[in-house]
Amino acid sequence: MRVCLLCFSLCLAFSSYAQDSTVYYNASILVAGATDQTPFWARANQNGSVPLNGNYGLADIGLYKVYNPHNPRIFQWSGGLQGIGSYGKTGNLFLSDAFAAAKIGVVEILAGQKRMVTGLMDTTLTSGSMSVSGNARPFPRLQISIPNYVPLYITNELVSIKFSYSDGYLGASDVNYGSTPRIPKTYFHQKQLYLNFGNKSQRLNVYAGINHQAMWGGELSTFQLYKLKPTKAYWYTIIGKTVDHRKIGNHFGTIDVAGEWKGKNWTWFLYRQNIYETGSLFKVINFSDGLNGFSIKRNRPTPKGSSYLAFHSFLLEVLGTQNQINNSPLSGLILFEKGNYYNSYIYRRGWSYFGTGIGTPLLPASGSTKSDLPRSNAEFSNNNRLWAFHTGITASWLNLKFAFRGTYSRNSGTFVSAYESVKQQGSALLTAEKNLKILKGCSVFSGLSADIGELYPNSYGLQVGFRKNGFLD
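Under the numbering used here, the sequence shown has 214 at position 233, and the numbering climbs by one with no breaks.
Among the clues, some could well be false.
Unchecked claim - No more than 27 Å apart at the CA atoms, straight line, and that leaves these computed lysine-lysine pairs for DSS-like: (1) Lys243 <-> Lys382; (2) Lys285 <-> Lys382; (3) Lys222 <-> Lys319; (4) Lys418 <-> Lys285; (5) Lys285 <-> Lys421; (6) Lys382 <-> Lys418; (7) Lys166 <-> Lys208; (8) Lys245 <-> Lys181; (9) Lys319 <-> Lys382; (10) Lys181 <-> Lys222; (11) Lys421 <-> Lys382; (12) Lys278 <-> Lys208; (13) Lys418 <-> Lys351; (14) Lys278 <-> Lys449; (15) Lys143 <-> Lys210; (16) Lys245 <-> Lys351; (17) Lys70 <-> Lys351; (18) Lys449 <-> Lys415.
Because the hints were derived from the structure by calculation, they are not lab data.
Source: prediction; values computed, not measured.
Assemble the whole structure, with the sequences as input and the hints as a guide.
The following block contains the structure:
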């Protein structure tokens, strides 16, 4: 009923106020097949839309009202609906995006579920942000934010700021201990703050910021002696309070730094996401764990109709999560000396939503790895200690657009479910897309993907699809 009411309200708004802003649509359909399960890069960072089963069909359609950048009004609104349906061994139909938002000046208030990522990175080719990568389905949330960098006038516009504060709903979760095996309601708290030193007219911009996420809920069952009501548990989650040597909620985040140089023909971007986990916010766990990235992007488009091979962007990332040693453990207890990224000692779901990881997909769900690898029912992921080397390239040739993603990783399992030896894994995806003249904004695309190694089942996949997008007004 709530979904129907939201759909009706958005459709009414689209029809009533389309003349004040821009209405955008997109639609696609594809069929895919694989020799085993869907290869890693054919399903990773797809907002939970692609089935794990290797043979499937998928269709999605979306309608969005976006802000009008040429509208001088202080108040504007936006909204969107994105429906996804797939059919493989079983059928699945759900709303990926379903949100409404209002912007008053530079401040935005959003309600609903919307595709989002968190952290400093190259969003087009990255292996995935550590905190929120766009790998899992969007979950319903209420958020207030400054979504774009806004100059601080006291700095003569040399420093800009953006931030967000939100709370979301994740649903029920099995727990590892407490008076009940299952908690009916769990929640997701998030806040982030980022600074940009520089402006659009300068070639060099430096970025720095922090994001903090926490999963919480059911404290009356997991902290029975303290009788923590939801309001108090929420406040303790926000401030990171310690109760009985334990933090309320499962906390995770990154401290990010980046530098960007805008050259005449190319833009160079260097970034680092440094991980912190429960109890280590102001105590650096180590410097070896984190995401390091470097990308270059072409500033000017290639001439229209050009047929020569042209590279548009290149990315190289190195991800390390092998250490996970906290040299300043919470309350000085040995119990918190070792981390367990994306797993939780309370919630069996770990850092996931609808069975898919919220953070980087390179730390996978146990159900996607080979069945003979060690795993624990108390852990979401059976592989969170690894070194991964990732690259991405986009190019064009003969009016075709190409994209490549490739990752090599060395995987050691977890401290609880350690592998007997390092498991090597290679995953790759090559896609090609061509615009068609028959319909404006229409294109056909195809992709070849593969998993070869000891972490995932060896599999080769092919997908072919058609997409159409554009503006209604």
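For each hint, the structure was consulted:
Among the hinted pairs, lysine 243 with lysine 382 is consistent with the structure: their alpha-carbon atoms are about 24 Å apart, no more than 27 Å. Between lysine 285 and lysine 382 the alpha-carbon distance is near 13 Å, which keeps this suggested pair within the 27 Å criterion. For the suggested pair lysine 222 and lysine 319, the alpha carbons sit about 20 Å apart, so the restraint of at most 27 Å is met. The hinted pair formed by lysine 418 and lysine 285 meets the criterion: a straight-line CA distance of about 14 Å does not exceed 27 Å.
Proximity of lysine 285 to lysine 421 is assessed by CA-CA distance (about 16 Å); at most 27 Å being required, the pair is judged to hold. A threshold of 27 Å between alpha carbons decides the hint, and for lysine 382 with lysine 418 the separation of about 15 Å falls inside it, so the pair holds. A distance of roughly 17 Å separates the Cα atoms of lysine 166 and lysine 208; the hinted pair therefore holds under the 27 Å criterion. Distance hint between lysine 245 and lysine 181 is fulfilled; the C-alpha atoms sit about 14 Å from each other, no more than 27 Å.
Annotation: proposed proximity of lysine 319 to lysine 382 is violated, straight-line Cα distance about 45 Å (limit 27 Å). Between lysine 181 and lysine 222 the alpha-carbon distance is near 40 Å, which puts this suggested pair outside the 27 Å criterion. At most 27 Å may separate the alpha-carbon atoms for a hinted pair to count; lysine 421 and lysine 382 meet this at roughly 17 Å. The suggested pairing of lysine 278 with lysine 208 is violated, with an alpha-carbon distance near 54 Å, which exceeds 27 Å.
For a cut-off of 27 Å, the pair hint linking lysine 418 to lysine 351 is broken: about 44 Å separates their Cα positions. Our distance criterion of 27 Å between C-alpha atoms is met by lysine 278 and lysine 449, whose separation comes to about 25 Å. Taking the CA atoms of lysine 143 and lysine 210, the gap is near 32 Å; set against the 27 Å cutoff, the hint is violated. Taking the CA atoms of lysine 245 and lysine 351, the gap is about 47 Å. The hint is violated against a cut of 27 Å.
Straight-line distance between C-alpha atoms of lysine 70 and lysine 351 comes to about 19 Å, which keeps the hinted pair within the 27 Å bound. For a cut-off of 27 Å, the pair hint linking lysine 449 to lysine 415 stands: about 12 Å separates their Cα positions.
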